[in-house]
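S.K.: Here's the letter readout for the chains.
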Amino acid sequence: MKQLYAFVQKEFLHIFRDVRTILLIIGIPVAQILIIGFAVSTEVKNIKTAIYDPSNDVSTRQIIDKLAVSEYFNIVEYLSNPDQIEDRFQRGDIQFAMVFGDRFHENLYHNGNASVQLLADATDPNQGTVAANYAAAIISDYAQTMMSDLNIPFQIMTQVQMLYNPSMRSSYDFVPGLMGLIFILICAMMTSIAIVREKETGTMEVLLASPVKPIYIVLAKMAPYFLISWFILIVILLMSVFLLHVPITGNLLWLNVFSLIYIVLSLALGLLISTIVNTQVAAMLASGMGLMMPFMILSGMMFPIESMPTFLKIVSCIIPARWYISGVRKVMIEGAGVEHILPELLILTAMASFIILVSLKNFKKRLE
Amino acid sequence: MIHVQHINKNYGRICALKDISIDVQAGELFGLIGPDGAGKTTLFRILTSLLLADSGEATVDGLNVRKDFKELRNHIGYMPGRFSLYQDLTVEENLKFFATIFNTTIAENYHLVAPIYSQIEKFKTRRAGKLSGGMKQKLALSCALIHKPTVLFLDEPTTGVDPVSRKEFWGMLKALKAAGITVLVSTPYMDEAILCDRIALMQHGQILSVDAPDKIVAQFPTKLYRVRSNNNYALLNRMRQHPAVETVFMFGEYLHVTFVDQSKATSACFSEFEAQFEEITPNIEDCFIYLTQQKWIM
Amino acid sequence: MDYVIETKDLTKRFGNFTAVDNISFAVGRGEIFGFLGANGAGKTTAMRMLCGLSRPTSGQGFVAGYDIFRQQEKIKRNIGYMSQKFSLYEDLQVWENMRLFGGIYGVKDSVIFSKIDETLEKLGLSSERNTLVKALPLGWKQKLAFSVAIFHEPQIVFLDEPTGGVDPVTRRQFWELIYEAASRGITIFVTTHYMDEAEYCHRVSIMVDGRIEALDTPHNLRQQFQATTMDEVFHRLARKAQRQGE
Chain A
1 MKQLYAFVQK EFLHIFRDVR TILLIIGIPV AQILIIGFAV STEVKNIKTA
51 IYDPSNDVST RQIIDKLAVS EYFNIVEYLS NPDQIEDRFQ RGDIQFAMVF
101 GDRFHENLYH NGNASVQLLA DATDPNQGTV AANYAAAIIS DYAQTMMSDL
151 NIPFQIMTQV QMLYNPSMRS SYDFVPGLMG LIFILICAMM TSIAIVREKE
201 TGTMEVLLAS PVKPIYIVLA KMAPYFLISW FILIVILLMS VFLLHVPITG
251 NLLWLNVFSL IYIVLSLALG LLISTIVNTQ VAAMLASGMG LMMPFMILSG
301 MMFPIESMPT FLKIVSCIIP ARWYISGVRK VMIEGAGVEH ILPELLILTA
351 MASFIILVSL KNFKKRLE
Chain B
369 MIHVQHINKN YGRICALKDI SIDVQAGELF GLIGPDGAGK TTLFRILTSL
419 LLADSGEATV DGLNVRKDFK ELRNHIGYMP GRFSLYQDLT VEENLKFFAT
469 IFNTTIAENY HLVAPIYSQI EKFKTRRAGK LSGGMKQKLA LSCALIHKPT
519 VLFLDEPTTG VDPVSRKEFW GMLKALKAAG ITVLVSTPYM DEAILCDRIA
569 LMQHGQILSV DAPDKIVAQF PTKLYRVRSN NNYALLNRMR QHPAVETVFM
619 FGEYLHVTFV DQSKATSACF SEFEAQFEEI TPNIEDCFIY LTQQKWIM
Chain C
667 MDYVIETKDL TKRFGNFTAV DNISFAVGRG EIFGFLGANG AGKTTAMRML
717 CGLSRPTSGQ GFVAGYDIFR QQEKIKRNIG YMSQKFSLYE DLQVWENMRL
767 FGGIYGVKDS VIFSKIDETL EKLGLSSERN TLVKALPLGW KQKLAFSVAI
817 FHEPQIVFLD EPTGGVDPVT RRQFWELIYE AASRGITIFV TTHYMDEAEY
867 CHRVSIMVDG RIEALDTPHN LRQQFQATTM DEVFHRLARK AQRQGE
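Chains A, B and C supply the protein sequences, listed in that same order.
Per my numbering: the first sequence = residues 1 to 368.
Per my numbering: the second sequence = residues 369 to 666.
Per my numbering: the third sequence = residues 667 to 912.
So here's chain A without its partners, still in its complex pose (with noise of 0.2 Å):
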């Protein structure tokens, strides 16, 4: 146990020793978030809109009045014709369409319902919601007035339509894919390099022809980048918070609990490179190119998995981050319960297991 512990106190200082590397490794999802907390526009003021009103009658014009006086939507367009608003988007002139029905007026007061179009751009869908959400509120404000003034029962049917982005994907979807990321970028790229270095300084050489346990070599490699990937696990959480303003619905702890498994695996990862390579160049070649590029591709964080060929999608199924991302999505943005992501639970769990087995058995106590 105090060889263990010696070993885990050497590896520290390794670490502290090389300051910039780990400030580096902090330092990338914490600029990560920082990047889309600029990007994301949380706060939602004076949307390009455009009109189209076929109608312009009473009704429409105090809706639009009510509209223009708000401070959220400018007003930049009455549009003639319902063809030109798919030009207008396209050109980046308007991110709001509010279309209205034939007659209006007439069919409010007469049928007791009209009904009024609200298109949004939603490439960023946070403020393609939001502005729907106003555009509506205003309408159905109205429509109380009205009520009450008139103490008539009619109804104004508001459809919304997403454009652009129809699974509103938010960028907040970019949180658990930077998590599946950074972790094994840490842990397998990191751990690899940590144990081949040793092989490359010859240190490993006289660690093997000592009595200490190969299992306590492995143990006190991964044990720093546990603690270290633990610690940017609860920042990025922290900050994705208090910055980006992503509601963690679900539990906690279960969050905690599935991420460790994934940074277990992510060790297991290094570990299993580390036993195949002999060089610091290759263990960094092995996890950047061999496990980064095939996660990064094939796990749904840059492609969604549903768009991906049968093909793809098998491969994608052995990816450990495709199942990390998807229950981490769940979990952390949809506020899944744990009986939501348990398929997610297993398959990681049996995954991490089956490569700590073949690394422990590949890593030998003799030189070859």
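These are computed hints drawn from the structure, not numbers from a lab.
Hints should not be assumed to be uniformly reliable.
Stated by the list, open to error - Straight-line Cα separation of at most 30 Å, DSS-like style, residue types lysine-lysine; simulated pairs:
#1 B:K516 with A:K365
#2 C:K742 with C:K800
#3 A:K2 with B:K464
#4 B:K464 with A:K364
Starting from the known structure of chain A, fit chains B and C onto it as the hints suggest.
M.R.: Same frame as chain A, now just chains B and C:
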């Protein structure tokens, strides 16, 4: 203390060790002498249980290097070719770490390493990477000694170290021997051979000869002459052509020559070079060269 | 005498540290000059200045007739360099290495190809022309590296610890190559840790703490210090050193 019997080791098709057998007595300072690629490091790794031999048996301190490797690793000290230290840890941190993994402490065995460690102790907060070659060597030796091993394996401890540090290092080895530790040391420097009790001359994975250095020298099978001249290089080329000359090699400002028949190649034959012949006692290097020329089978 | 290296009061300081302290010496054409010293004595720094890789702080120096302050590029074209650490590209074939280094020094292609064959023949390596360098034994590599270093017929070749770890027979063959080159008028400037090797040199200098403490033929040095070997001479001098190695 060390028994090696008929060890063979191949890397793919390359034969690294061929039928190696040696016995090292307790308390002996035993040298493996040979150039790079002779198989010294492979033999060290087999004896320290880091590699398995293809065939043959070896025991160190009565423990089989294959079966009893776990126990064996408690009793040996090993210093691989490159000074295997953690460059980013300080002198003291290195020593403390190696003490702990061998389940001991610096305090417990300080007396063992004191003669060596005390020389670098004033730099104990300096990082190992910032030490000179000679100091690294001393630290590596301290680390290999801190657990009081019965056998010490030193693989080319003096390579790349300047002559002054080399001399100091051999002084330390003498002291360890006096303390009763068996030392197996390898070196490519022929002049270090005479500092060992016994040596094994190695080349191409084979042992050419095992004996005390002076005995090997005494067995040199022919007469050796050193020759001075006004142009060694020209004389060397001339002698190579001469049928009565067996071997001729440059040796500093002299040529070292052996003859098939000395009477047919007297200094008079090479008078234009002002050649002066003088019979000398061979040194280990002469023996090694002569052995590798396969003119002498021991 | 025809000198190819001449220095006068050559000094190199790094901040407060004087790595090379007022060294003055001269090396003649075709001479084999041994440049000895313990680690940290200033050998490497001095050699770098002579090769035009480092600018001296003060003093004078001429190498191959060119000023080491102003004509570094010309110096580089007229010298060869070989060190134990880096000599040849391991993943290139033997002849590819020779063509590369020949090309670097501006040797004409037609000359390169005839010289490759000539050199390999001399080394007895003709059959290894297309072998990757990493597949060669260390001793062959070093002999080859030396041949590559003098491929462009430089006036001077600098050898930085060229024979570490090589077996005695190969080492002697290596020295035979050196003598052969010297007999053709190439000056050899060599550093080594093998003191017995110093005895092969025509003259040796021994540096201690940045200064040249002794400079003469091995024979005279042994007499001067009443020693039987160069090793003893070296120890007498190096023991005075104040500096610890780098």
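S.K.: A separate judgement is required for each hint: does it hold in the structure or not?
M.R.: Now for the hints, and whether the structure bears them out:
For the proposed pair K516 of chain B and K365 of chain A, the alpha carbon gap of about 23 Å is at most 30 Å, so the pair holds. Simply put, K742 of chain C and K800 of chain C have alpha-carbon atoms about 27 Å apart, close enough for the 30 Å limit, and the pair holds. As the CA atoms of K2 of chain A and K464 of chain B are separated by approximately 12 Å, the hinted pair is consistent with the 30 Å bound. At roughly 25 Å between alpha-carbon atoms, K464 of chain B and K364 of chain A fall within 30 Å of each other, so this suggested pair holds.
Violated hints for the displayed structure: none, as all numbered hints are satisfied.
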